[in-house]
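*Asks:* Residue-level listing of the chains:
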Amino acid sequence: MRLTQKLSHRIAGRLSAGRRGRIAAPLVLLLGLLVTGGMYAAFVSPASAQDQSADEDMVAKGRSLFLVGCASCHGKNGEGISTVKGGQYGPSLVGVGAAAVDFQVGTGRMPMAQPGTQALRKAPVYNAEEIEALAAYVASLGPGPSVPAESEYDVKDATNEDIVRGGEFFRTNCTACHNFAGNGGALPRGRFAPALTGVSEKHMYEAMLTGPQQMPLFSDEILSPTDKRQIIAYLKKNEETPNYGGFTLGSLGPVSEGLFAWIIGIGGLVGAAVWIAANTTRSRKKTQHE
Amino acid sequence: MSETHELSTVETEPIADPGLPAHEPRPTDVDEKAETRAERQVATLFGLSTIFTLLFCVSYFWLEVGDEPDVILGLGASNLALGGFLGLALLCIGIGMIQWARKLMTDEEIIEYRHPGSSSNEDRDESVKILVLGTEESGIARRPLIRNSLLGAMGALGLVAIIPLRDLGPLPGDKLFHTIWKKGMRVVQDVDATPIKPSDMEIGQLINGEPGIFFEEDDEGEPVIEGAELQVEKAKAAVVIVKMQPDDITPSKGRENWGVDGILCYSKICTHVGCPISLWEQQTHHLLCPCHQSTFDLADNGRVIFGPAARAVPQLPLALDDEGYLIATSDFTEPVGPSFWERG
Amino acid sequence: MSAIAKTNAKLAAKAPKPSKAGAAATWADDRLGLATLAKKNLRKVFPDHWSFMLGEIALWSFVVVLLTGVFLTLWFVPSMGEVVYEGSFDQLRGIHMSEAYASTLNISFDVRGGLLMRQIHHWAAMIFVAAMMIHLLRVYFTGAFRKPRELNWVIGSLLLLLGTLEGFTGYSLPDDLLSGTGIRAADGFMKSMPVVGTYMSFFLFGGEFPGEAIIPRLFTAHVLLLPGLLLALVAAHMLLLVYHKHTQWPGPGRTEQNVVGFPMLPVYMAKAGGFFFMVFGVLALMGGTMAINPVWRYGPYNPAEVTAGSQPDWYMGWPDGALRIMPNLETHIWGVTLSWNVFLPIIVLPGLMFTIVMMLPFLEQWITGDKREHHLLQRPRNAPTRTALMVALMTFYGLMWAAGGNDIIAIKMRLSINQITYFMRAAVFIGPVIAFMITRRWCISLQRHDNDKVLHGLESGVIMRDPQGGYTEKHIPLPAGAAYTLTARARDKVFVPESGADSNGVESPTAGKDKLRARLSRLWYGDNIQKPTKAELAEAHQHSELEHLHDAPLEGHAADGHQFDGRHDISEEESLR
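Residue numbers (this note's numbering), protein chains in the order written: chain R, 1 to 290; chain E, 1001 to 1344; chain H, 2001 to 2577.
To be clear, the hints were calculated from the coordinates, so they are not data collected in a lab.
Note that this is a predicted model, so its numbers are computed, not measured.
Some hints could be false.
Distance ranges between label pairs, derived from CB positions [said to hold, decoys possible]: (1) L2161(H) <-> K156(R): 52 to 58 Å; (2) I1305(E) <-> K2371(H): 55 to 61 Å; (3) T281(R) <-> I2434(H): 41 to 47 Å; (4) P1170(E) <-> M2269(H): 52 to 58 Å; (5) T1044(E) <-> K156(R): 50 to 56 Å.
In the DSSO-like style, the derived pairs of lysine-lysine whose C-alpha atoms are separated by at most 30 Å in a straight line are [said to hold, decoys possible]: (6) K2371(H) <-> K1129(E); (7) K2020(H) <-> K2147(H); (8) K122(R) <-> K2147(H).
Every residue, glycine too, gets a C-beta built ideally from N, C-alpha and C.
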C-alpha cells in the first residue's frame, strides 16, 4: 500500500509539473475534442449535412401535413385533445413512434372518417412519401418505435419450423381476439378485432409492436422480432393454404356452419320432400288411346 | 273396461263426405310416348349414377392427398371430387327411384282400415284373468316374507351398479385450492419461456405467461413436467401479465405491493366456466372472455364489470428476483377457475 | 301347379320346381314364418304429404351418420397419450398433441376420402338433430301427438335429447382447441352443481381437468352407449308408427277409421328408398364442397389457448345463449358457493325445457279432457292456443340461440355485444309473450277466413251492381271436396267439471283441480271459431242465391254459381263469368 501511494505521488508530481506549462491547456482541449469527436465518429452514425437537412425537410413536410389532416383531433403539437367528459377526440401522439403512424395511416385507419370508438381500415388517404413525412414528424415529438426494417418482417425465407412456431405463438397470443383463422372477433361496446387477411407483413409487425387502439402491444424484448416474424409467416402461410375441406363458410366456426346446415341442408331436403310428395301432372285423357 | 275401444268418427256435419275423388290418370298412364320418355329418363338417371360412381373410383386413385395434395380452385381436389361424384351418384339413384314412383308406378290411392289402439275387451279380460291366475299361483301376495326379502335383495344389488364406479376418479380433496405457483417461481412468456424484466415491458403490453417450471428440464434433458400432467397444471396456472399506468391501478387492501412498476399478473382462467381469457383492451384495462363475454377490470383487482362471471379473476402477487426478473411471491390466494360448491 | 301332366306314368304328375326367388322365400318362411308378417305389412298404406317426410330426413341422416361413423372408427385413436405430429400437414409438424388429434389429422390428410367422411359425418349429425326438431314441430302443430301416439312423442323427445348428446360427444373427440374449450366449459357446468359438483367433475375426468380419461370415455359413450340407445329408441319409434299407422290430413274419403294413400310395396319403398339416396347425396355434396370443423386450423387443445367465436355446434347454441345472458348471480353462504349463474341456465333450464316438451301431450290432454283417439290431423290454425304455445317456445328457443352467437352477430352487424346481451335479457321473456298473442290471433282470423270460405265461397273479383246502386261481389262456391276438408273436424268441447256436490252434499275431492282445469280449458279453446252448423250453411247458401238472383235474366241461367264447384260439368252455354 505504501509503495503505490509513493508511486502515485511521484506520478502526480510529474503531471502537475507538466500542468504548469503554457502548452498544457491547449493540449488538454485538443485531447478532449479528439476523444469526443472520435467516439462520436465511432459509435454514432455520422449524419452528413445533406441527410440532416433531408430529415428536417421531412419533419417540416410532415408537420404541414399534420396541421391540415390530423391536428383537429390530435392537437397542433400532437398533444391530444380531450373532451369535457374526460374522453378524447384524439390521443396524444408523443412517444407513439413512426411505426404507429406508418401503421395507422398506411392502413387507412387514420385519418378517421368520423370520430368513433374504433378506427376502421379503409383506403389510405396519403401516399407512401407523405406517410413517411408524417411518421418523421410524429417521431420527432418524442422517442418511440420506428418503422421496422424489411429484414425484420420479411418472411420469404421462413422455414417450416418458423411457421409451426408462429402458429403456437399465434394461438397463444392472438386467436382470443382475432379468431383461429384471423377472421376477427368481438370486443366490448361495439369494438372489434379486425380480420388479418390482406394485411401486409410490415403492418402486421407494426401492429404487434405499437398496439393500435385497444390492441395490446408486444415489445421486441419479450416477443422478439424473430417471434413476430414467425407469427407473420404463419399467417401468410395460412392465407395461401388451400381450403382442403371446401368453401370455408367464413371461417367463423360453428355459428356459420349451423346456418348453412339449416339453409342448405334442411332447406334443400325439405324442398326435395315437397317435390316427392307433390301431385304429379294429371291428364285429361281417359284411356290409353285417345 | 275401455270406453274408447272404438275409433271416433269424424262428424259428417254440416257437409257429408263426398268420398274419394275419382282417380285421374297421369300422362304416363295414358300416353305411350310419355311413358317411354319417363322410362328413359329414369334409366338415364341410373346410368348417370353409375358413371359418377366410376368417376369417384378414378378420383380416389388419381387425386393426391398427403404431402402434396392436389388443389383445384383453391380447394382440396380429392375431397371436392370424391364428395361431388359420390353425391351426384347417390342423388341420381334417388331422383331416379322417385321419378319411377311418381311417373310410372301405379298411383291409385288405396284404403286400409284402422284398428283401435287398445286391445279388444275379450283380450283384456283374458289377460287380466291370466295375470290374476299366475299371481295367485306364485303366491307372492300370500307370502309377504318372500316378497319383501326379495325386494330387499334386489334393492341391495343396486349398490353393485354404483360402488364399482368409485374408481372412476380420485376424490377432489383440496386439489382445486392450489396451483403449481409458489414463492420464487419465475413468470415467463408462454411458448418460448422468455423471462420478464419490468423494463422490457411497456404500458399497454400484454404477455401470456406460464410458471417457469413448465419449461425446465432435469439433468437428463427431460422436461420436469410434460404430457397430461402439464395440461392439468396449465389449466390452473396460466396467467396474463399486463402493464398499466401505475396511477390507473386501484389495488384493494393488502394488494398494494402485488404489482411491480404498474405490472400486474392475473389468472388467465375465467371464473365463469374456465375458458382462457386473453382479450386485453389496453386503453380500458378490460379483459374479455370470448366464451360468454365476462369482462374483468384489471386495474381494479380483476373485478367483474359485465357478463355472467360472478367472481373477480384471481391475482398473482409479483416481485423481482435478484436478477431483476418477475417472480411470484406465493400461490394464488384463492382457487383459480370456475366456482364450485366447497369453495366457500 | 301345372295343369298339364308331365308324365303318363302311374305316379301323379309332380308340380314344377318353383323359381329361385320362390325357393329362397320358401326356405326362409319354413324357418321364420315370414309370410304372415309380409302379408300384413308389404301393402301397408302410407298417406302422402311432404310434411310426413321430415322424420324420414332424420332417419336417413342417422343411417348416414352410422355408416360414415363406422368408417371413421377404423382410423380414429381415442387416446389422450401425447405424441409428436409427423404427418403431412406442415403447419403442425413437430407439435405435441394427443393421439386423438393426431389421428384426426391423419384421417383428414393422409387417408383418401377421410376428410370427406369426417365432413359428411358432421353435416349428417347437424341435419339429424335439425330434422328431428322440424319433425317435432310438425307433429306438434298438426296434433299428431294426441292419443294413441303420446308415447311415441315421449320416445321422440328422448331421441332428440340423445341425438344432441351424441353430437356433443362426437365433436369433442378430435380434442381440438374449439371442442376442448367446450369440454372445459362442461367441466365448469359440472362444478357448478351443488354438493356433488366437484365429485362429478373428478369422476368424469378421472381427476383434474383435462386429465387423460375424458376422450376415451366420450368415445365409448359416442360409439357404443348412445348409438345403442338411439337404435333401440328408433326401432321402438318405428314400431309404434307401424302399429298405429300414420296419421293423415282430413279430406274427401279420409276418415278416422281409415288410411288413404299408397302401398309400401312398391310406391313407398321407392319413395322412401329414393329419399334415402337423396339425403345421402345431399350430405355427400355438402361434405365435398363445404368445409366443417377444420380442426387443423384450430390446433390441438391447450388449456391456455382459446379462439374468438367459441361456440358449440348449433343444437347446443341455445343453452350457450342462456349462459351468456344470465346475470352473474352467486350465493356464498355457510362456507359453500351456489353458482346460480351457471347452474340455472345450463342445468336447470335445459332440464326444464326438455321436461315441458316431453309432457306437452299430457298437459294438453289434462286441460282439454279429450280422451278420444285421433288419427286425422288438425291444421295449426284450428288449434290456436296449441300453435301459439309452441310458437312462444320457439321464440324463446330462437332468442336464446341468437344470444349464443352474440359475438358473431356483433362483428357481422357492427353492434355492441353488451347491448345485444341487455336486449336479449329482456327479449327472452317479452318475446314469447308477444309471439303467443300474435300467433293466437292470427290463427283465429285464419279460422274466420276458412269459415267465410265454407259459407260464402271464394271471392271471384266480379263485382255486380244492382239497380238500387249497391255493390256486391260474386262468390264462387267451394268445391265439395274442399268444403268437406275444411269441416271434417270436431267441434271444441270445453271441459266441464262434474257439478259441485254429490247427493250427500260432499264436494268432489278433485273440485279445486277441476275448477282450474275448466278455466284452463276455457282459455285453451277461448275465442276459437267453430265450423258452421247445418243451419248456418243453409242460410248462407240461400243468401248467395238471392243475392245474385237479379243477374239471372241478364245471363240467361241460374245464379247459383254451381258451375264452378264440380257439382255439374260446365256445358258450352254456361260461362264462368
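*Asks:* Against the earlier hints, flag every one the structure doesn't satisfy and list their numbers going up.
*Replies:* 7, 8
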